[in-house]
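A.B. asks: Below, each chain spelled out in residue letters.
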Amino acid sequence: MLDGLQEILFTLRQNKLRTLLTAFGVFWGIFMLVLLLGAGRGMQNGVYEDFGTDVLDFIIVWTGTTTTAYHGLPPGRAIRLNLEDIEAVRQQISGIRLLSAERFVPDGGTMSYHGKNSNAEVLGVPDEYFKVKEDVPFNFGRKPNPLDQEEIRKAVVIGTVVAERLFAKGEDPVGKYIRVKDVEMKVVGIFYDKGGRGRNSERVLMPLTTMQKMYGDVRFTDNIWVRPAKGVDGFELEKKVLELLKRRHDVAPQDIRGIASFNMAEPMQRVTGLFIGIDVFIWFVGLGTLTAGIVGISNIMIITVKERTREIGIRKALGATPFNIVSTLLLESTLVTGVAGYVGLVVGVALLELVAFGLRSAGAQLPYFVNPSVDFKLAITALLLLVGVGVLAGLMPALRAAKITPTEAMKAE
Amino acid sequence: MIELHQVHKYYKTGDQPLHVLKGVDMNVREGELVSIMGSSGSGKSTLLNILGILDSYDSGSYMLAGRQVGKLGETEAARLRNKMLGFVFQSFNLLPFKNATENVALPLYYQGVGRKERNYRAEEYLDMVGLSDRKDFMPNQLSGGQKQRVAIARALVGKPKVILADEPTGALDSVTTHEIMALIKDIHRRGNTIIVVTHEMDVANQTERQILLKDGQVTSTQVSGDAREAVGS
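Protein chains in written order, with my numbering: chain C, 1 to 413; chain W, 1 to 233.
The shape of chain C in the complex, shown without the other chains:
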C-alpha cells in the first residue's frame, strides 16, 4: 500500500503538467465556491446586522387615542393597557411563547451619581421581558432575576450609554447606588442593546413590581410584548391578540390608532425573500462552477488514461492485473483531486478570513457586508462531491483501459 502510494507519487511527479492541470481545475472549482458562499454569507450577516440584537419574531402592541366612534363611545378616548389584558391574552389565545408587560416612567427620569447627572428612559419590566431581549448581552454584572421582582428590590440594570455618563472611566458601576428620580437604587448589571442604533442603551430597567410600588398605577402597562410559540404563524397571532384587546377596550376593529402593533415577522419576511434570492443565485453560480470543475476533471481523466494506454499495456505485459491498473489510476485521481480541493478550500477560507480581518481592522463599514464566512459542512460536501465525481470520471476510462489487451495497448502511440 505504501509502496503503491510511492509509485503513484512518483508517476505524478514525473507528469507535472498533467497533474497541475487536473489539480488546478479542482482547486479553482472549490476556491470559487468557497468565495461565493462566503460572499453570500457576508451579505446575509450584513442584513442581519441591521436588526440589532432583537429577537426576530416579536410582536409589540401599544395604544393611543381612538379615531372612530364605537359602541356609542366618542372618538378621542385615550386607551391604556393593563395587566388584566395580559392575563386575558394568556388565557384565551393559544400559541403564545412569551408575554411581557413594559412600562415607561412618564417623561423619562433624571439620575445622578456623585454629582454627575444623566437623563434616560426608565422602564419597569417583568422578568419575562429579558426573554424578549434574550440576545441583548450583559457584559458586566448580571441580568435581573425573579427574586428582584418577588422581593421588590431596588435593583436596576443600566445601558452602556447611561453607565458612561454617570461613571468615570475605569469605575465599575456594578454594586454602586445611583439616584433614579430621587430613589437610591443599586446597579446590578450593564447591558448593551443595539436597537434603535444604540438609543436603546440609554435606558434604565427596574423590576416592574418596584416601579409599581414607586409610582402606583399598579395595573397599567404601556406596551405588551408577544412572542409566538414555535411553528405558530406570527401574523395570525397578532390578529387574534389585537382583536381581543380591541374588544376588551371597545375599540373599533378598523381603528389603527387606538390599539396598534408592530410585527417583526413582516420585515423578516422581506429579508427572508431576499436571502432566498441570494441563496438561489449562489447555488446557481456555485453549481455551475462545480459542474465546470467536474467536466474538467472528467476530460482530463479521460485524456490521461488515453495518453497512458501504452504505459498500461507495458505494465500489463509485465504482470499488472486489471485490479492493479484500475486501483492505481483511481488512487491517483483521488489523490490529485483531494489534495487540490483541500488546498482550494484552505486558500478560499484564508482569503475570506483575510477580507473579514481587513474590514474589521480598517473599521470599514460596508453596507450589507459583514464578516464573510463559509459553511464548512457545505464546503466539505462540495469537496467530497468533486473528488467523488473525479474518481467516477476516472473509473470509466480506467476500466476500459484495463480491458484492452497488452498487445493492442502497446501499439498505441
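Read the hints as simulated data drawn from the structure, not as lab findings. Built from N, CA and C at the ideal position, the CB exists for glycine as well. Just to be clear, a hint being listed does not mean it is correct.
[As the list claims (entries may be wrong)] Partial pick of chain C residues on the chain W-facing surface, computed with a CB cut under 7 Å:
id	residue
1	D3
2	A292
3	E311
4	A317
5	L318
6	T321
7	A350
8	T407
Add chain W to chain C, keeping to what the hints say.
C.D. replies: Showing chain W alone in chain C's frame:
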C-alpha cells in the same frame, strides 16, 4: 518447457472469420534458444502473443512449464505472465518517466517485492547486461542498444521460466544487433530458455533451432550449425 499441440486461432473480421493459426505443433525444451521465423502474415506475432499469454487461442492445448494454459481470466493471466514470462519487444517499451533501474524493477513491483530489494536486484541485472554506469539514466538518454539491454534486464529480473523476444533487433543497426544477440546468447548460456521471434536470417541463425512458420502452420524446424558452435564454445 513449452508444448503446443494443434493450436488454432481465429480472428473475427467481418462475416468471414480469419483463420490465423491452423494447428500449430511445437516444443521448446528447458534451456533452449529457439527462433520462430516467418514472413509477415505468417501468424508469428499471433503465436508469440499466445505463447506470452497476451492472447487466447480457440482450440488445441498449450502447456507451459508443466501447466495447462487454457482460458484464463485477466488477473490469472497477469499473474502467470509475471511469474513465468519475460518479454523483450522490438520497440523496447520502457516507461519514459522511469530511469533504467526503475524500469528493470517494475516486474518485481507487481510481484510485491519491496522497493529496496527491488532496486537492489534491478541493479544486479543492469550490471549483468553491462549497464552498471547507466543505472540512473532516463530512457531518452540511452541509445537503442542500451534501451534494449535495459529491456532484457527487465525481462530477466523476475526469474521467468521463458523469455520471449519479439524482433529484439528489429529497431537496431547491424553492429548493435550483433551486440544484443551476443547478450542474448550469453543469457542463454546461463541456463535461460529463450524464444526469439524474427524475420532476419542472421538473427535466426544464431539460435539453436529455427521454427519456420508459414500460413499459420509450422513447416519445418531445423537445427542450426552456427548455434551449435555457439553452444559448444
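A.B. asks: Against this structure, judge whether each hint is valid.
C.D. replies: Now for the hints, and whether the structure bears them out:
1. D3: Given a least distance of 6 Å, the restraint on D3 (chain C) holds.
2. A292: 29 Å, violated
3. E311: 6 Å, holds
4. A317: 5 Å, holds
5. L318: 5 Å, holds
6. T321: Since the shortest Cβ distance to chain W is 4 Å, the answer is holds.
7. A350: Hint on A350 (chain C): violated, closest Cβ of chain W at ~34 Å, above 7 Å.
8. T407: 5 Å, holds
Hint check: violations occur at hints 2 and 7; the rest are consistent with the structure.
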